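Student: With the hints as a guide, bring the two chains together.
Sequence lines, in order, name chains A and B.
The first sequence begins at 612 in the numbering used here and counts up by one.
The second sequence begins at 6 in the numbering used here and counts up by one.
Since the hints were made in silico from the structure, they are not lab data.
It should be emphasised that the depicted structure is a prediction, and the values quoted were computed from it without experimental measurement.
Glycine included, every Cβ here is placed at the ideal spot set by N, Cα and C.
Watch out, some of these pointers could steer you wrong.
[What the hints assert, rightly or not] Only part of the chain A face toward chain B is listed, based on derived beta-carbon distances under 8 Å:
(1) 660
(2) 696
(3) 838
Residue strings, one per chain:
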Amino acid sequence: MIAADPTAWWVWPTVLFLVTTALGIVTVVGGLGGGTIFVPLVSGFFPFHLDFVRAAGLMVALSGALSAGPELLKKNLADLRLALPVALVTSASAIVGARVGLALPTRPLQVALGGIVIAIMLVMLFSRRADFPWVSTPDRLSCALGIAGVYHEASLGRLVEWRVHRTWAGLGLFVLIGLMAGMFGIGAGWANVPVLNLVMGAPLKVAAGTSVFLLATTDTAAAWVYLHEGAVLPMIVVPSVMGMMIGARIGVGILAVARPRSIRVIVVSVLLFAGVRLLLKGLGVWN
Amino acid sequence: MFAAILRGGTGISMGALIVGFLLYIGGLVPPLVPIAELPRYWGLPAPRYLAATGLPRGWGWLGLMWHGDILNFLGIVMLAGLTIVCYVAVLPAFLRKGDTAYSAIIVLELAVLLLAASGIVAVGH
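Looking at chain B on its own, in the form it has when it is part of the complex (with noise of 0.2 Å):
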């Protein structure tokens, strides 16, 4: 089932990738960083580019979803939370074969992978 999902989730986060970044690129959806700007700002670290450009920490782009740079994270994101969903989908067989040991693995893990994808650990400059 593991190998299943993750089949399926990496073809189809690659596809939302791709389209993203060709919206982006293509100029479809326009960016909330002028493209032609972008070169002033990838030499910087990224609190000063946060900083310089506006765009938000943790969740915040969410709310921006409509600009061609920021609808990039959706294939971003669905390829960091395809781990995640697999460890979800294996859970209840390592339940039900009364497993205990490595059920309270998976449950570890994903509290700490969980965890990360919160942004509570975010560094805060």
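Isolated chain A (complex conformation) (with noise of 0.2 Å):
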């Protein structure tokens, strides 16, 4: 039995667009890639089933990553060699992830859902971050693929030499970044960062540009399977991804006289209760 929706159909994604623009501005002044925060925003307060909501919130960080890579690729911020293992992991785990994700169902997937948007506010809160971590011997693997590099440093006005270690470790944890990016569609620069940078020793900038190439592999493999399930919307898709592009460009305009402590707090509070929402939501709490 299919229940009738008394709204018109211009309404929620009219909203939608409105919604992902504001967030659009948001992420890019407080530094966070779209679909971390589309995902539980949009699950938690509109009417989507999680199905359409996740290959959505793909779809949003594959543009918005498709979008930066032309320019971090130009200025040797995204590095290939880096990333190019670290994709064929993510991308191979997100199909996992994609898969098990559209065979679970609802409820025990937004619960978890919600603990894990928890706790990325608590990464994001309490994490710390390296410009430059030391990196007294790169280890074996990173020697063998030969990834090292060299960069411009801005703010030092001289190249920066940078290398990695721990190659193995934070190959593994990237099994478990693609895996949570294909099941539940967030996009995993939350995740990324910390492992490039404090994990593999990659300078803070390096791991951010590269985090984004990745996210273009892992997104791609993971919206490919939600594409042929049937979960792609464009009725939800387009106007998110458009809101997106808009609420960026704008972002970008006013990065320089905006606060980024606040619009952080703005972030952290919203990923706080829309992660509780979707808790309640999936016990049966708060329908």
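Tutor: Written out as structure tokens, the structure is:
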């Protein structure tokens, strides 16, 4: 039995477009990937099924990554030698994650997603970052693959050489990151950057740039699975992608005058609220 | 080269996405699922949505391209296929350099992405 919804068809897509435009502004100024906040917020407060929201979240994250990619590659901030082995691991595990996510019932997924969103919020609050981590001895695998590089650090006015260590540990963590990205449709920038930066020792800017490249590959792999399963609804995907793109452009424009600290408080509050909402929705407490 | 393809491809895909969507919501190309009925379906899980609307899984939508809603998949597929095109484009450069390890990684990555794009790894409810 399919319930009739008395709301006109254009109401929710219009609200979605306006909300994602606001999200685009907030995520750029707050330094967060769009998918991370999109999926919990939209699945928590919009009438769309989680399947469609996850697919739209992947498309939002993918579009953002594809748009940012060329500039990052040009500035050597997205390093192919670092990204390619990691992307292979994350994309393969994202396919498995997408398959598992689409096969699971909705309520346990909502509970798990709520818990993960609250965990992301805690990572945002408490994780430290190192601009130029010290790598005394690169590991064997990174040496064999030649993972190292040089980029121009504008704040220092000189070239910075970098190399990485603990590559196997990093790849192991990226298996989990890919699984989560595919299962929940969230972009994984919040996890990519700490692993590349704190575990493997890549400079923060290289980690952030390479993370965008990784998002493009990981989300592509998962998006195809959702597409083939009929979970891509253009009426949800297109307003979301367009809203996020327009918002991101506005966000870049106001970046210089915005107060990042205030924006970060908003982002953390929204994540906490959306996470709790999803937990309660999944548990059947707040439907 | 990777950056150039990304830049051009993203612009073209976004253009296709916007044009397709305008044709769809403007009613210029009639959709397969009537647009006013969408609120009845978007709260359903994907398998039930497909069953209720009669939409096909996998690549079956290609045969229904003349419908406004299905037309939107063109831009979406272009976006989702862009990374694959980029990997194909950079492979010759790594092969020319004799970089066997990275050439193998790119070939494996292409196999993974093409497997996902083929629909072979679909869940099947």
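Student: Compare the structure with each hint and give your call.
Tutor: Now for the hints, and whether the structure bears them out:
A least Cβ separation of about 5 Å between residue 660 (chain A) and chain B falls short of the 8 Å threshold, and the interface hint therefore holds. Annotation: interface hint on residue 696 (chain A) holds; nearest CB of chain B at approximately 6 Å, less than 8 Å. Annotation: interface hint on residue 838 (chain A) holds; nearest CB of chain B at approximately 7 Å, less than 8 Å.
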